[in-house]
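Engineer: The opening position of the sequence shown corresponds to residue 76 in this note's numbering, with each subsequent residue numbered one higher.
Treat the hints with care, as some may be off.
[What the hints assert, rightly or not] Pairs of lysine-lysine, DSSO-like flavour, derived with a Cα cap of 27 Å:
1) K178 with K366
2) K252 with K178
3) K440 with K178
4) K178 with K194
5) K252 with K216
6) K178 with K436
7) K366 with K230
8) K230 with K215
9) K230 with K440
10) K369 with K178
11) K194 with K252
12) K257 with K219
13) K178 with K215
14) K178 with K189
15) K257 with K230
16) K230 with K371
17) K252 with K230
18) K189 with K252
19) K215 with K189
20) K189 with K440
21) K219 with K371
22) K189 with K371
23) K219 with K230
24) K230 with K369
25) K194 with K216
26) K189 with K216
27) K194 with K215
28) K215 with K257
Hints listed in this document are in silico derivations from the structure and should not be mistaken for laboratory results.
Bear in mind the structure is a predicted one, so any value in this text is a computation, not a measurement.
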Amino acid sequence: MWAVFSRNFSSGTVGEGAADKIEILNDVVDVLGDKAVEVAGQVAPVVSEVAVVAADSFFPVAALQYLIDYVHTYTGFNWWASIAVTTLLIRSIQLPLLINQLKSTSKFTLLRPKLEAIKEEMQNREMSPNAVAEGQAQMKKLFKEYGVTPFTPLKGLLISGPIFCSFFFAVNNLAEKVPSFKEGGALWFTDLTTPDSMYIFPVLTALTFWITVECNAQEGLEGNPTAGTIKNVSRAFAALTIPFTASFAKVFMKILQFLLPTSAGDVTQSAIFCYWITSNLFSLSYGLVIKKPKVKEFLGIPIIPVTPPSTNQKPGLSFFDSLKKYAAAQQKQSLSSRAEASSKPTNQRIAPTSALNQRIKSLEKEVKGRKKGKRR
């Protein structure tokens with residue numbers, strides 16, 4: 076064995092046993108080298124493919140693609156599970172925003188009766204400019220008191236909308252450009268790059284959305300007359316979800332192709348539903364938990380008292396009705412001012428005429444008196 080690891084300085088020939096051992100070591104080195112190259116060849120293409128896809132994407136889209144790849148690499152989950160876990164992570168990060176959104180919606184619901192009273196007062200005063208100015212000042216004071224603005228309820232849409240678009244493009248591009256997505260599914264959806272031919276995913280998407288609407292649609296809108304309308308519209312959208320989601324990618328790409336240029340196709344891959352259904356389930360779970368009074372009290376969410384519906388409740392003054400009444404009041408005021416302006420010269424003309432008539436009458440009396448004096 077010493078002869079294997081030691082150097083022989085003699086000029087004699089190496090023994091047959093030593094030569095065989097050296098040959099075996101060379102074979103082992105060759106086998107290990109081939110295995111290392113094989114393992115590297117299996118890992119490197121996936122990493123490079125994700126990097127190539129992310130390089131052609133906008134920053135939010137690329138960040139989501141790297142996050143999905145990170146979950147896939149370090150958890151060992153398949154691609155569909157990695158997309159679902161990433162969805163849960165992003166939606167969990169949104170929780171503070173969702174809670175703040177619910178607080179704002181609840182405050183607006185509590186503020187609504189006072190706003191309606193101000194609008195009714197403006198309506199009773201025929202939407203005169205002074206009434207409108209006073210009403211606007213009172214509304215600003217109420218908004219400041221409750222810590223909200225007319226645009227506060229839009230914050231949730233401005234945040235959730237870009238996140239949904241980024242997820243769509245991130246998953247869609249990965250499904251098109253990463254070959255391992257063809258075996259990244261499970262059960263009946265083993266190929267994540269193709270649409271669901273059995274329509275199970277569109278049905279599940281519609282079902283989870285409908286259950287969410289029935290359970291959570293009116294949360295924060297108790298007593299608001301528009302809550303019923305919002306719920307009915309959401310129900311109709313849930314019924315249309317199956318055909319809509321089946322061809323969603325084609326419609327969505329036509330709408331947003333100028334905003335976020337991408338080479339995504341016009342079919343809704345199964346990979347998209349791994350995000351969509353997971354997001355719906357998260358919304359459903361969040362809504363069921365946040366409805367608990369103790370949870371609301373702990374988070375500081377205003378609790379809206381339930382009031383019975385009133386049959387004599389007057390509908391709120393719409394924006395267009397307000398504009399019409401305001402324009403009519405201004406027109407009425409301008410007409411009255413014109414009438415006053417036109418009546419002033421007439422009065423001024425009448426005044427000199429009456430004075431002249433009185434002067435003429437006095438002169439006539441004076442002349443008659445002189446004539447009588449001459450006769451005497």
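Engineer: Next step is simple, just say for each hint if it's right about the structure.
Structural biologist: The hints, checked one at a time:
1. K178 with K366: holds, 12 Å
2. K252 with K178: Judged against 27 Å, a Cα distance of about 42 Å means the pair is violated.
3. K440 with K178: Not satisfied, since the Cα-Cα distance of roughly 88 Å exceeds 27 Å.
4. K178 with K194: Measuring from Cα to Cα gives roughly 24 Å; hence the hint holds.
5. K252 with K216: violated, 55 Å
6. K178 with K436: Given pair K178, K436 is violated - Cα atoms ~83 Å apart, limit 27 Å.
7. K366 with K230: OK: K366 and K230 at ~21 Å, within 27 Å.
8. K230 with K215: Cα-Cα ~19 Å, so holds.
9. K230 with K440: violated, 87 Å
10. K369 with K178: holds, 15 Å
11. K194 with K252: Distance ~56 Å between K194 and K252 Cα, so the pair is violated.
12. K257 with K219: violated, 55 Å
13. K178 with K215: holds, 19 Å
14. K178 with K189: holds, 18 Å
15. K257 with K230: violated, 37 Å
16. K230 with K371: Satisfied, since the Cα-Cα distance of roughly 20 Å is no more than 27 Å.
17. K252 with K230: Violated, at roughly 34 Å.
18. K189 with K252: violated, 56 Å
19. K215 with K189: holds, 12 Å
20. K189 with K440: Judged against 27 Å, a Cα distance of about 72 Å means the pair is violated.
21. K219 with K371: holds, 23 Å
22. K189 with K371: Given that 27 Å is the threshold and the Cα spacing comes to 23 Å, the pair holds.
23. K219 with K230: Holds. K219 to K230 sits at ~17 Å (cutoff 27 Å).
24. K230 with K369: holds, 25 Å
25. K194 with K216: Given that 27 Å is the threshold and the Cα spacing comes to 14 Å, the pair holds.
26. K189 with K216: holds, 11 Å
27. K194 with K215: With a Cα-Cα distance of about 13 Å, the restraint between K194 and K215 holds, given a limit of 27 Å.
28. K215 with K257: violated, 57 Å
When the structure is compared with the earlier hints, violations turn up for hints 2, 3, 5, 6, 9, 11, 12, 15, 17, 18, 20, 28 and for no others.
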